[in-house]
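Take the given structure of chain Y and dock chains V, R and C to it, following the hints.
Chains Y, V, R and C supply the protein sequences, listed in that same order.
Sequential numbering from 1 applies to the first sequence in my numbering.
Sequential numbering from 1001 applies to the second sequence in my numbering.
Sequential numbering from 2001 applies to the third sequence in my numbering.
Sequential numbering from 3001 applies to the fourth sequence in my numbering.
Treat each hint with caution, since some may be false.
Stated by the list, open to error - Here are the simulated DSS-like cross-link-like pairs (lysine-lysine), alpha carbons at most 27 Å apart as the crow flies:
no., chain 1, residue 1, chain 2, residue 2
1, Y, K20, Y, K3
2, Y, K7, Y, K155
3, Y, K87, Y, K7
4, Y, K20, V, K1044
5, V, K1033, Y, K20
6, C, K3028, R, K2005
7, Y, K87, C, K3228
8, Y, K87, R, K2005
9, Y, K87, V, K1033
10, V, K1033, Y, K240
11, Y, K7, V, K1033
12, R, K2035, Y, K155
13, C, K3228, Y, K155
14, Y, K20, Y, K7
15, Y, K87, Y, K155
16, V, K1044, Y, K155
17, V, K1044, Y, K87
18, C, K3228, R, K2146
19, Y, K155, Y, K240
20, R, K2005, R, K2035
21, V, K1044, V, K1033
The hints are simulated quantities; they were obtained by calculation from the structure and are not laboratory data.
Here the structure is a predicted model, which means the values were calculated and not measured.
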Amino acid sequence: MWKFLHKLASPPHFYDLSAKIIPWFVVPGTILIIYGTIAGLFYAPPDYQQGDAFRIIYVHVPAAYLSMLAYTLMAVSAGIGLIWRIKLSHAVAAAAAPLGAWFTFLALITGSIWGRPMWGTWWEWGDPRLTSELIMLFLYFGYMALRAAIDDTTKADKASAVLALVGAVNIPIIHFSVEWWSSLHQGATIVRADGPAMPTEMLFPLLAMILGFSLVFGALLLGRVRSEVLFRERRSRWVKNVVLASGEQG
Amino acid sequence: MMEALAMGGYGGYVWSSFGLTLIVVIICVVQVKRRHQQVFSDIKTRLRAMETDQ
Amino acid sequence: MLSGKDLCLLRGDRCLFQNLNFALNSGELLLVEGKNGCGKTSLLRAIAGLLEFETGQVDWNGQSIMADHQVFCSDLVWLSHRVGFKGDLTLVENLSFETGLRATSADLLEPSLDRLGLTPLTGLPFRALSAGQQRRVALARMLMAKAPLWMMDEPFTNLDSGGQALVRELIAEHLAGNGLCVVASHQDIQLDAPVIRVPL
Amino acid sequence: MTSREDTMPGLWQGFMAVIRRDLLLAWKRPGDILNPLFFFAMVCTLFPLAVGPSSEQLSISGPGIVWVAALLATLLSLNSLFLSDFEDGSLDQLILSPQPLPLLALGKTVAHWLSAGLPLVLVSPLVAVTFQMPGRTVGVMMLTLTFGTISLSLLGAIGAALTVGLHRGTALLSLLILPLAMPVLIFGARTVALAAANDAVSAGIYFLSAYCILALTLAPFATAAALKISNE
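One chain only, chain Y, in its complex shape (with noise of 0.2 Å):
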């Protein structure tokens, strides 16, 4: 098991094992996220007190956890390459900001157009969901600036892994104070969709959605390490045998 871990560690040999993994994620990923989005939109019953607008929930839902999966796969891999000085996962935890800070995104503007017909308001600060995206999208924005500003590749990487654990930290500190301040707006409880126990058909296609979207997260992911491997190894012999080898084709 270590012999394999520290072959992927080597970055000639991640980028070529990661050009055949790719595959495995995006063709399962899409297969799972037709099945679910058909499936969700079509064949799962309407919710009983929402309608059909608790469809949202199939793209929200996904969008949300990976959100939370990109920060806490960026603090992991910003830990070890702080701890064991592995370059790699320096490269991981700068590939996976921008996409978690786009899921993010994805997860607060679903989020509040699920919200419209039910608040009657595009932003409802009631909903502690929200509010807490928000804040993390802040903090995705915080850790890419901080890594723009820096210019030197090996030095951005260490401080942002800093920042990455700080904010790994606060994170469930975030999101408690903000369940607890929103508890204090009495008013605006709101009943989700997946309060009671959800019926299978509801349930299995939300399954599909999060696992085919982080199958496809996944796929994006590794090819934005493999770009940013490629970039941090650009002085070395094998770079020069990939670059000249895709030459010809090219």
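This is chains V, R and C only, laid out in the frame that chain Y set:
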């Protein structure tokens, strides 16, 4: 078929959310590809520059 | 005993030096020579532990400096381009702050100041001193610190000929008391003590 | 070598040396202490001018305004925390000293709190009076502000250490630290609002003190790591 698309009156919201998701995923894919090409071309110019001054 | 094994350091894209080795025993001086911008300062900062080497390791008394950096720092005193004193504080306030940081002997304060000709300036705020005088205060810190390893980056800048002679004298005394000294300089040091040269 | 164990300064001397030096520096430059206070007072007078003099509206939004102004004033004074050390080279000396860097970083943060956070807490009652706050609320406000400013100084020290070497680091520092400071703001402002409506306030104060202790234990290590990275 038409009333299925109407989504019980919430069609506008549901389809816009799904449409937006598709757009975001496409943007991410395009970004990944463009970043990869950009790194490739940077390295190529670097290699060409190195060859000339040897 | 300070030793370095196949050290390599990168600056952005450029590789400053590769598989560099050195060994420094007590009573010897390590002179890092080279024109400006060749990485002398980076090498010194990396040996001190402010920077990380790309590969390779520096040992102090057989133990890697990164294992327990504080133990290494207690035997080290550092002098760089920026002298590291506060402009608003007076000479004495700056030096007494040092007593909180490292093992210094207070009784050495007066003789060091006399020797460096700084006694009349004790009342002035530090920024009122000339660049040469400020470097002499940094030398006073090194005298008071009683640390076996001195690391000096361009010790002769801003010093007049008298000051430069004084620096050579202090280094010679330090080496005679079997201390070690690592110096980065683009000009020769003209010292009779054993010198190990590291051309970059 | 000479026996140096006796003269090696203990942790407390190192800690106090940093605090004494920084307070001495702050004392010699009163502007650094007073500017954030003027800023705090001015921001607190902006809102009534903008919102209008009606007293019951002000007393509702008073706690929130005081807290936001305190947060911004602390951020304002934070970016220069390590800047002068970075520029005159004393950061090298701090890193290369036998004293552990997290301890020295904590010393600097405490010195910053004493010169920026504490005056803020002492001035806040004057401002609270303009918002017609009842006596009990002012007491709660000062307590929450004390815990809040300590946590903000600790968090801000991490941000200041991360952005010390960068040009135009101020805007970046606020972007990094504000999201992390939101729980403190939420609990601080809401607790004072609860006190104004004479509700139970203990929950908020417990949380703020817990967060303050968490920041006290973890932040110095993150600041030390960030300082080493920025000082490369």
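Evaluation of the provided hints:
no.	hint	in the structure
1	Y:K20 - Y:K3	holds, 19 Å
2	Y:K7 - Y:K155	holds, 25 Å
3	Y:K87 - Y:K7	holds, 13 Å
4	Y:K20 - V:K1044	holds, 24 Å
5	V:K1033 - Y:K20	holds, 16 Å
6	C:K3028 - R:K2005	violated, 47 Å
7	Y:K87 - C:K3228	holds, 18 Å
8	Y:K87 - R:K2005	holds, 22 Å
9	Y:K87 - V:K1033	holds, 22 Å
10	V:K1033 - Y:K240	holds, 19 Å
11	Y:K7 - V:K1033	holds, 25 Å
12	R:K2035 - Y:K155	holds, 26 Å
13	C:K3228 - Y:K155	holds, 10 Å
14	Y:K20 - Y:K7	holds, 15 Å
15	Y:K87 - Y:K155	holds, 12 Å
16	V:K1044 - Y:K155	holds, 25 Å
17	V:K1044 - Y:K87	holds, 23 Å
18	C:K3228 - R:K2146	holds, 25 Å
19	Y:K155 - Y:K240	holds, 24 Å
20	R:K2005 - R:K2035	holds, 23 Å
21	V:K1044 - V:K1033	holds, 17 Å
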